[in-house]
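J.: So you can see what is in the structure, the chains are spelled out below.
2 protein chains.
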Amino acid sequence: MAPRRPARHDAGRLSEDLTVTLIDLDRTTILLGRTPLALDALLRDLPDEWVRTPEGPGRWSAYDILGHLIHGERTDWIPRARIILEHGEARAFEPFDREAQGRWPQDVPVAARLDEFAAVRRASLTALAGLRLGPAQLARRGQHPALGTVTLSELLGTWVVHDLNHLAQVARVLAKARGDEVGPWREYLPVLSR
Amino acid sequence: MAPRRPARHDAGRLSEDLTVTLIDLDRTTILLGRTPLALDALLRDLPDEWVRTPEGPGRWSAYDILGHLIHGERTDWIPRARIILEHGEARAFEPFDREAQGRWPQDVPVAARLDEFAAVRRASLTALAGLRLGPAQLARRGQHPALGTVTLSELLGTWVVHDLNHLAQVARVLAKARGDEVGPWREYLPVLSR
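Chains as they are written, first to last, in our numbering: chain F, 3 to 196; chain P, 3 to 196.
Calculated directly from the structure, the hints in this document are not laboratory data.
Fair warning: there could be bad hints in the mix.
Copies of one chain are not kept apart here, so a pair can be met inside one copy or by any two copies together.
In silico lysine to aspartate or glutamate, EDC-like type, Cα no more than 20 Å apart, as pairs [what the hints assert, rightly or not]:
hint, residue 1, residue 2
1, 178, 57
2, 178, 28
3, 178, 88
4, 178, 109
5, 178, 51
6, 178, 47
The following block holds chain F by itself, in its conformation from the complex (with noise of 0.2 Å):
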């Protein structure tokens, strides 16, 4: 998807008082373009019950998190990219909203919030292929609201690493959801107590 570059760059050979790593665009991209498809085989056919099962009281199902994901292409990573690369630090990036998903319809099925994860998550790549981002921009600082300074780089780093800890979450939550069924093997299952 988009082009080859070498396996990492190091920022110290553009500017000497630049000493951050960078990440490799295209192994973050093969991760991302692939979270729908694992959330999809994980979901799609899931009794709905199981599927909007929430964590605890107050704490989010499986849907939930589909939700957030959602909310995150459309709000957070390619306009946050986007504004680094146009504003640098002079502009911070807009916080973002954590509840979002939750003052959505709820009558939405879990297939069609799927189907909408997975083109919202393409259009992400498709963007981000447009950027046609090198070493330089990969290095370029912005201003998180809370966190301060970060890079470029991060920023998609982040954006993987994300994926994985929701991914982590969808598959405690159903866990959990069925944690009633598995009797003493309970003491063997760490996920069931995290």
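Starting from the known structure of chain F, arrange chain P on it as the hints suggest.
T.: For chain P alone, coordinates are given in the frame of chain F:
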């Protein structure tokens, strides 16, 4: 795949002194059938270096976890179900070897291991359907070598949660391998500190 059954059987209807809740076998089968796809989506195209990076010294990589799941199909789930059905509590299960995959050839590519897992899981589900389990069979008891008395229902419920436990682990191990790329976002990503 498996024949339709009512959502949940209350084993109390079968025997007055039996109060265990039995799993829904259809639901169990759906998720078990999807795990190979979910792992395939996540791992097949990732660089070998990423998939083989262990979580830490002496800990497992995603590749090791995949081997562990394959070994479970061969020696744990269906073999133990058969022991319960044939011998009840009279014969304890063989202890499960959690380190078996560490002694396998390590030059088998991850893609081949993914194919292998899909094949052995398919065979397990065919065998499971062939057992034609009803509530009376699901309530049967067996002997775990360390945990003591368990039911067939608990064994099969554990199979599902065990899949989810290791899916969460795969996501976590992959995330940690990229943990140095997120900069100050680390504090928002609990998967990196588990």
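J.: Does each hint hold? Answer for all of them.
T.: Verification of the supplied hints:
1. 178 <-> 57: Answer is within: at 7 Å inside a copy they meet the 20 Å cutoff, but 23 Å across does not.
2. 178 <-> 28: The answer is between: 18 Å across copies meets 20 Å, while 35 Å in one copy does not.
3. 178 <-> 88: neither (44 Å within a copy, 31 Å between copies)
4. 178 <-> 109: Neither: 23 Å inside a copy, 36 Å across copies.
5. 178 <-> 51: For residue 178 and residue 51, the Cα distance is within 20 Å only inside one copy (13 Å; across copies 32 Å).
6. 178 <-> 47: within (18 Å within a copy, 29 Å between copies)
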